[in-house]
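Asker: Now for the letters of each chain:
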Amino acid sequence: MISYHPDSRFLTDFAAANLPMSEAVCVSAHLEFCGKCRAHVQQLADIGGHMLARLQPRAVEEDSFERLMSRIGDGDGAQQTADAVLPAAQESLVLAEEVSSRAGLAPTRGVFLPRALRRLSAGGLHNLSWVQLGNALRVAPVRISGDARDTAIYDIKAGGRMPEHEHRGEEITVLLKGSFSDAEGSYSRGDFVVRNAGEAHQPMATQDTDCICLVSLERPVRPRGWFYRLLEPYVQYRLQKTLERNTTF
Amino acid sequence: MTGTDDINSRKNVTGWGTQTVPDPWEASLRKVAQSGDRVEFRKLFDHFAPLIKAFLMKGMSAYADRSMAEEMTQEVMLKVWNKAASFNSGKASVNTWIFTIARNTRIDFIRRNDRAERNIDIEDIWHEADSPEPLVDLQQRRVEAVIRNALSTLPEEQSLVLEKAFIESKSHNEIAEELDLPLGTVKSRIRLALNKLQILIDR
Ligand SMILES: [Zn+2]
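So the protein lines, in turn, are chains R and W. The numbering used here numbers the first residue of the first sequence as 1 and each following residue consecutively. The numbering used here numbers the first residue of the second sequence as 1 and each following residue consecutively.
Extracted from the complex, chain R is given alone in its bound form (with noise of 0.2 angstroms):
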């Protein structure tokens, strides 16, 4: 049961296309997750078919339709491209394979990829880079060019913590399996979590299964602790590190 949505403000940009690229995956993931924004986004997206609709025309040039259909060729009826053919639902997901336990956590299966994401993983989700940090997180960093936002992939172990941090800058989490709760409330599959800089919280798994999420951040967040102090320009590095490699998306 999904709880947390996006609101108005990331529905409206999204269908008007007008989010930065990491936060559009963020909610492309949702959507994959929930019927009733996709609705809504397709409702959006007919306020923008009314506007073009009611705008001033400008003339194309006289020749634009015979380039056009030059373009286009002989070719016998309309095109029809696979991406319309292929069922749609069937396409629309991957089940990633079982994540290596390579780290020494335990494999997970069944994930579900949005589409958003399956790039990304091509071939499953032990394709990534992943970085150990502590017992019970890996991180697996994703680089979307063009985008100042940190975005990555969160394996958390079943009943492990995160470290409590608080947020420079805003935080959208998207949870693709498992549930998480922090003090503010517990979160299932496909809730689209935001926490704004200046907030604290410390996440932690359900104790039955681990989860994975899909974070991305607007600045790197500040861990509270002493010890999380001191790692950080290591993780920092470290992550770099790994985002240098992950180059698939």
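If you are wondering where the hints come from, they were derived from the structure by calculation, not from laboratory data. Backbone N, C-alpha and C define an ideal beta-carbon position, used for all residues, glycine too. Treat the hints with caution; some may be incorrect.
Stated by the list, open to error - Chain R regions said to be covered by chain W (calculated; three or more residues, Cβ under 8 angstroms):
id: 1; stretch: 41 to 51
id: 2; stretch: 61 to 73
What the hints assert, rightly or not - Keeping only pairs whose Cα atoms sit at most 27 angstroms apart, straight-line, the calculated DSS-like set for lysine-lysine is:
id: 3; chain 1: R; residue 1: K36; chain 2: W; residue 2: K187
id: 4; chain 1: W; residue 1: K79; chain 2: W; residue 2: K43
id: 5; chain 1: W; residue 1: K196; chain 2: R; residue 2: K36
id: 6; chain 1: W; residue 1: K91; chain 2: R; residue 2: K36
id: 7; chain 1: W; residue 1: K79; chain 2: W; residue 2: K58
Assemble the complex: chain R is given as a structure, and chain W with the ligand must be docked to it using the hints.
Answerer: For chain W with the ligand alone, kept in the frame of chain R given last:
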């Protein structure tokens, strides 16, 4: 493929009852999809290409000049030809469908020009594919007609922000900056407008 009765099923609910408003472009698009009908495609082109060009010139002034807008209009209409068979009249009107194609073409172009070394496929993010989670029925058709009718009755300050978002391609933040308004004001103006259009996002 949808049947011909689909044409008659687009309902327009007014305060006085229900009347049928067929989408005049559905039949043309269907003929393009079924038999590559170039006469019908020409009709679509003559109507939509100048609108698409206007859309691109307004939304991309920072990126593209007039001749670029012309080329991209061709790109959009080429996609209309290629994807005609994937148009689903149950999901969207032709206006909306073409808007989404133009929107995706625009953002794809901007990204290609952003010196980005790695690209995500835009169609993987803003895609038409269904997911296993069924679309919640928000009485889509009815709302679509409400949007059409109500758009022209919005107060100026509300239609302005919608135009900046959907046509000029500006985010809430960019609109706030341009109009020198707090972000919260832009957000609430858009929410007020959405409520009038009966797009009820309950958060
Ligand atoms: Zn939702």
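Asker: Each of the hints needs a verdict: does it hold here or not?
Answerer: Taking the hints in turn, this is what the structure says about them:
no.: 1; hint: 41 to 51; result: holds (count 10)
no.: 2; hint: 61 to 73; result: holds (count 8)
no.: 3; hint: K36/R / K187/W; result: holds (20 angstroms)
no.: 4; hint: K79/W / K43/W; result: holds (16 angstroms)
no.: 5; hint: K196/W / K36/R; result: holds (19 angstroms)
no.: 6; hint: K91/W / K36/R; result: holds (14 angstroms)
no.: 7; hint: K79/W / K58/W; result: holds (21 angstroms)
In summary, this structure violates none of the numbered hints.
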